[in-house]
Amino acid sequence: MSDRFIPRLLQTPAVILLLIWMLVPLSMTLFFSFIRYALNNLRRPEWTTPDIANWRGFGNYNYVLNNKDFWFAIQNSVLIVVSILVITVILGLAIAVLINRSFPGRGIVRVLLISPFFVMPAVNAVLWINMILDPVLGLNGVAVGAINDMVAGLKDFPVLGGFFALWPELEPISFRATQTSAYAVIMMVAWQWTPFAVLIFMTSLQSEDESQKEAATLDGAGAWSQFINLTVPHLARPIAIVVMIQSIFHLSLYAEIEIVSRGNGNKNLPYLIGEFSSNNIGAASATGIFAVILANIIAIFLLRMVGKSLMD
Amino acid sequence: MAAVTERSRFGEILWPVVAWIVALIFFFPIFWMVFTSFKTDADAVKPEHLFFFTPTLENYANMTENYDYWRFAINSVITSTFATLFALAVGVPCAYAMAFNPSRHTKDILMWMLSTKMLPAAAVLYPMTFLTKNFLGIYDTHFLVILVLCLINLPIAIWMLFTYFKEIPKEIIEASKMDGVTTWGEIKDILIPLAWGGVASTALLTFIFCWNEAYWTVRLTTVDAATLSKLIEGNRAPEGLFFGRLSAVSTAAVGPIIVLGWFCQKQLVQGLTFGAVK
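Those sequence lines, one after another, are chains A and B.
Per the numbering used here, the first sequence starts with residue 22, numbered consecutively.
Per the numbering used here, the second sequence starts with residue 4, numbered consecutively.
Keep in mind the hints are simulated off the structure, nothing from the lab.
Model, not experiment: these values are computed from the prediction.
Hints may contain errors.
No farther apart than 20 Å at their CA atoms in a straight line, the calculated lysine to aspartate or glutamate pairs in the EDC-like style are these [unchecked claim]:
1. B:K191 - A:E192
2. B:K110 - B:E170
3. A:K176 - A:E190
4. B:K136 - A:D72
5. B:K49 - A:D72
6. B:K269 - B:E236
7. B:K191 - B:E177
8. B:K169 - B:D192
9. B:K169 - B:D111
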């Protein structure tokens, strides 16, 4: 009896807190998604208070489903999350292998490499979009300008000049358009989260069975085939964990999108909800419910992947 | 045979060079931010002053005088510290019970906890603002920020602690039970000393996530409990005009946490496995 009682008691505070944290706002969102509810509406002031009398049924859901922004936002959410995952896992693996052997200054290299992970997302976005990617004032613009100047200077050269005269003037890429700003978001988030992948892979690499590798070397297996046949399978679980934790964070990506893409049409699902909730709470809540459903589908899939081996 | 030694000697030189280049590329944006923070706003956008300029502390002076940096910084320290402590106070007992007395439902509870983290914050922002402002009256208080930061990080903290505790042999805990040690004594005197690496690394990661949180802290505060993410929010607005000022504020916001991260890097690496290492 007391055997079971104390463990349950110890889990209770965490479970209750998270239950309240999940259920209270979620049930309110659910309610708002079924009523007409706007923050400002001069013609129909009764819609500005959340009231059951303003019942709209599935009207808000219909409105959202017929909104082309909604489908674009879903597509973009998936694009952003998947791209970040692919980039961070591949880069993370490469870098983890790179710093897994000892060389002079390895400690400093490690410290430099993990630093981006500590940067606040809001600072990350402000830093990248202004100082690095800005097509005029950022390093992007400055670098392209410098290349153009250099090419222009080389045109006066006797023989090679003719070749450089054919060279087109380069245009810096602007990362403030709808699609390019999605790439900017992918770039900056991948920069921040690659160190996380490196940290996890690095710890796992250290636990790799060296004797197995030695045996493989004796059998004449090359470095690449050892990596594919021994290291990658060994890293299957850490890869699953990196994918899962990152999905949790990137599905609700917001600060980066807001700073990089304010008003230019690039959006993911959370950002679309934010746009709706500046006035139309009903539509925002319906979108929120769709986002919860989407998150749960992905969660079930991911948790299966990791959960299976969690308990043994 | 000669070819092999040739290649490995070549690799011996090339390998660290590549590693160093990659590390410098990754660190470059942070370096650039700190570097730009010593330029005036005018110098920061002139290509001729890209590398050569007269360094100035003007931006930092301006920041502490006009933007009240210290108030935001102190709020960040207070909220992140207490949120981390609460998350551990709730999380350690929970993870302990899950690791040493698992029941049929333990895995499901753990997975459910993690899934709460996937709920999009934007979907519940409006109800949260409504509730805290109109019913509870705790909008823009330290209490609210601490509570929210604690709750959003609790699932990850519990998972990290659980995976760490699970590696501790059950026999050690059971032996102490025979000796009549209380549950609290078990946690305090046996579990925490044994799993110190995991607890420290969980605390560190939770603290980092709290410090960097920018959704709730920006939207549930106005003045009193505003943290450094709110300071960034207020300063980021006009595009490309105030690079110097922007860099100084950014450096001051992320500086403390980066330095903390550097010092505790070993601790963090040690515990940050999420059960990935078997």
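These are the hints, each one checked on the structure:
Restraint check for K191 (chain B) and E192 (chain A): the C-alpha separation of about 63 Å exceeds 20 Å, so the hint is violated. At most 20 Å may separate the alpha-carbon atoms for a hinted pair to count; K110 (chain B) and E170 (chain B) meet this at roughly 16 Å. Taken as a hint, the K176 (chain A) and E190 (chain A) pair is honoured in the structure, with Cα atoms around 12 Å apart against an allowance of 20 Å. For the hint pairing K136 (chain B) with D72 (chain A), the CA-to-CA distance comes to about 18 Å; that is within 20 Å, so the pair holds.
The straight-line distance between the Cα atoms of K49 (chain B) and D72 (chain A) is roughly 57 Å, outside the 20 Å bound, and the hint therefore fails. At roughly 32 Å between alpha-carbon atoms, K269 (chain B) and E236 (chain B) are farther apart than 20 Å, so this suggested pair is violated. Taking the CA atoms of K191 (chain B) and E177 (chain B), the gap is about 15 Å. The hint holds against a cut of 20 Å. For the proposed pair K169 (chain B) and D192 (chain B), the alpha carbon gap of about 17 Å is at most 20 Å, so the pair holds.
Between K169 (chain B) and D111 (chain B), the direct Cα distance comes to roughly 16 Å. Compliance with the 20 Å bound is thereby established for this hinted pair.
Violated hints, listed in ascending order, are 1, 5 and 6; each of the other numbered hints is respected by the structure.
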